[in-house]
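Asks: The chain contents come next:
2 protein chains.
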Amino acid sequence: MNRTEIDTLGEFGLIDRITKGFEHRQPSTVLGIGDDAAVIDGAGKHAVWSSDMLCEGVHFDLAYVPLKHLGYKAVVVNLSDICAMNVLPTHVTVSVALSNRFSVEAVEELYEGIRLACGVYGVDLVGGDTTSSRSGLVLSLGVMGWAEPGSTVTRAGAQVGDLLVVSGDLGAAYMGLQILEREKHVLRAAPGAQPELAEHASLIGRQLKPEARTDVVKELAQLRVRPTAMIDVSDGLASEIRHLCQRSGRGIRLYEDKIPIHPETYAAARAFDLDPTLCALSGGEDYELLFAVTPSDINQFLNHPLFSVIGHFTEAEKGHVLVTKQGLEVPLQAQGWDGFTAAG
Amino acid sequence: MNRTEIDTLGEFGLIDRITKGFEHRQPSTVLGIGDDAAVIDGAGKHAVWSSDMLCEGVHFDLAYVPLKHLGYKAVVVNLSDICAMNVLPTHVTVSVALSNRFSVEAVEELYEGIRLACGVYGVDLVGGDTTSSRSGLVLSLGVMGWAEPGSTVTRAGAQVGDLLVVSGDLGAAYMGLQILEREKHVLRAAPGAQPELAEHASLIGRQLKPEARTDVVKELAQLRVRPTAMIDVSDGLASEIRHLCQRSGRGIRLYEDKIPIHPETYAAARAFDLDPTLCALSGGEDYELLFAVTPSDINQFLNHPLFSVIGHFTEAEKGHVLVTKQGLEVPLQAQGWDGFTAAG
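First to last, the sequence lines map onto chains A and C.
To get my numbering, take the position in the first sequence, counting from 1, and add 129.
To get my numbering, take the position in the second sequence, counting from 1, and add 129.
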């Protein structure tokens, strides 16, 4: 592969090169990249706006994350925040700080992933910043969506008796990471070794190429259900439940046997000598949507292929209770990624 | 001063601590910090949105920039981008990546500057991200304003014969930086030395605590003038003129004797053996507004204390011409910061 130094293009040449081929799909995009700011028509709606930062060595390790996947994932995790407000994302900005370790081709690969995600989700890239960094790669994204006033869902609002529902399944992204880390160590020990990734392709895919649940936001609109509280699962189920409880002023009863874990996740966890439930509770990076609904909506969710009803909200004084498969009631530990790593 | 390690608070504790005391002043702020996204009421207006990234060792040097000033400046340079669209900024998000070199008190100092800027400009901090970094400090800001459809001004739109106008004066921030760098070297050579900064307080202030020209945006509205093209002076006058010409498809005639340079800037440049005009053309970080207006608006600007008419737009083929004080016509060099540093 050619290696073109970024210096040879300069900042503006680089921006021209990487933003080529980003189409505008949103009719609300009045002005995109290339001026001091983007202009977006809201037509009387509320702007829903989030931002997020990803740092090399903290949020990703380029030893096993291809740049294209990194670009894709960076967009997706930001879109997920807007979905968690019950809103469909429409616009993103991407700022990148790069050291001279990166060639133009490497940056193009990163933007190829960003472009792919923009295409898949129909969002427009409308701005950002490109700068040099003294050290690693830093990505900072902004994302926006538009909502009818009153239709957004915050973390605060779950009532006593509300059901706790989660989309998809949990723990797969964490197991994908375990597999990638194992392969990294194998490759370090024996550089010529052929990684055994094929058999775990779907778990690795959940880690490297997660998806934002825009389909869930659309389905909720279809079902005419407005959750009372919602969050996305980025740090792990237990941590997100804690956020919902804290902001809503509620307690929770979570049923272990209801937590959706894919058979492949389950098998991989067992092979790694890990508790599959713990992977779901503390693994994180699933980007599923976790929300509260009023009990009268239960029939919409009980046999719905997208959703699992996994618990219900209680008075705050009753605390956070995990009902195990054996019927024991144990305190739900809210361990985020760090806590889990330390414990594991 | 106490030193509290960030670890002792954790991410959420840190966020609670640093976002305390940020008031909401904008009636359009529906939901601010603490959820998955912010919600802002646009009431039929266009959202004008920009983002920017600042990296330690590239955009700032903590050896002579106090953290409070850094926070203030980071907000201001972003607000300036929205002003450059002829729009008043209303909302910001701030994301920060920190290494463990920084204590909680240091982060509080940074946010003290951010809070100060939010207060001065009446903008609401509504989101952001706080994360750890493996190396230096990285700041990433998003900023938003709201415009009546059709009122925004881009870089493209200057017509042949339009006047080129700039607010305030130029080159002061660059001279402030020269003074700070000299003092840094003096202090390195003789750690006990007393820096001679007092006599240059206003130039240093222009570097450390620049201001966004929201007053200019308001004055333009007052004068009922809508510029045909506009940009803010972040990289230096010559570079910004080049952007306006390129995007508008025009040439320029710039008159050296019209370029506004404060007497103090002039004297300092001479003392440093620098050409004052070159400081204005290539210094940058002035955050003045540079814009084109139709010739019929000339009387509004000729004797206005905020503005200087410094040139006019020509056909693109006539190129970029600087008419020197001696009446010579020379090509206008578009040197940004880097070019200047290399040449200096």
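Read the hints as simulated data drawn from the structure, not as lab findings.
One or more of the hints may lead you astray.
[Unchecked claim] Label pairs and their computed distance ranges (CB to CB):
no.	chain 1	residue 1	chain 2	residue 2	range
1	A	Gly150	C	Gly186	44 to 52 Å
2	C	Pro156	A	Gln351	27 to 35 Å
3	A	Gln462	C	Leu191	55 to 63 Å
4	C	Ala192	A	Gly173	45 to 53 Å
5	A	Ser280	C	Pro392	54 to 62 Å
6	A	Gly173	C	Leu316	51 to 59 Å
7	C	Ser280	A	Glu444	47 to 55 Å
[Stated by the list, open to error] Which residues of chain C face chain A? A few of them, derived with a C-beta cut under 10 Å, are:
no.	residue
8	Asp181
9	His188
10	Ala192
11	Val194
12	Asp210
13	Leu217
14	His220
15	Val225
16	Asp258
17	Val272
18	His441
19	Thr443
20	Gln462
Even glycine gets a Cβ: it sits at the ideal position worked out from N, Cα and C.
Asks: All hints, please: hold or fail.
Replies: Do the hints match the structure? See the list:
no.: 1; hint: Gly150/A x Gly186/C: 44 to 52 Å; verdict: 32 Å, violated
no.: 2; hint: Pro156/C x Gln351/A: 27 to 35 Å; verdict: 34 Å, holds
no.: 3; hint: Gln462/A x Leu191/C: 55 to 63 Å; verdict: 39 Å, violated
no.: 4; hint: Ala192/C x Gly173/A: 45 to 53 Å; verdict: 49 Å, holds
no.: 5; hint: Ser280/A x Pro392/C: 54 to 62 Å; verdict: 57 Å, holds
no.: 6; hint: Gly173/A x Leu316/C: 51 to 59 Å; verdict: 56 Å, holds
no.: 7; hint: Ser280/C x Glu444/A: 47 to 55 Å; verdict: 52 Å, holds
no.: 8; hint: Asp181; verdict: 5 Å, holds
no.: 9; hint: His188; verdict: 7 Å, holds
no.: 10; hint: Ala192; verdict: 14 Å, violated
no.: 11; hint: Val194; verdict: 15 Å, violated
no.: 12; hint: Asp210; verdict: 4 Å, holds
no.: 13; hint: Leu217; verdict: 12 Å, violated
no.: 14; hint: His220; verdict: 8 Å, holds
no.: 15; hint: Val225; verdict: 8 Å, holds
no.: 16; hint: Asp258; verdict: 5 Å, holds
no.: 17; hint: Val272; verdict: 8 Å, holds
no.: 18; hint: His441; verdict: 22 Å, violated
no.: 19; hint: Thr443; verdict: 22 Å, violated
no.: 20; hint: Gln462; verdict: 15 Å, violated
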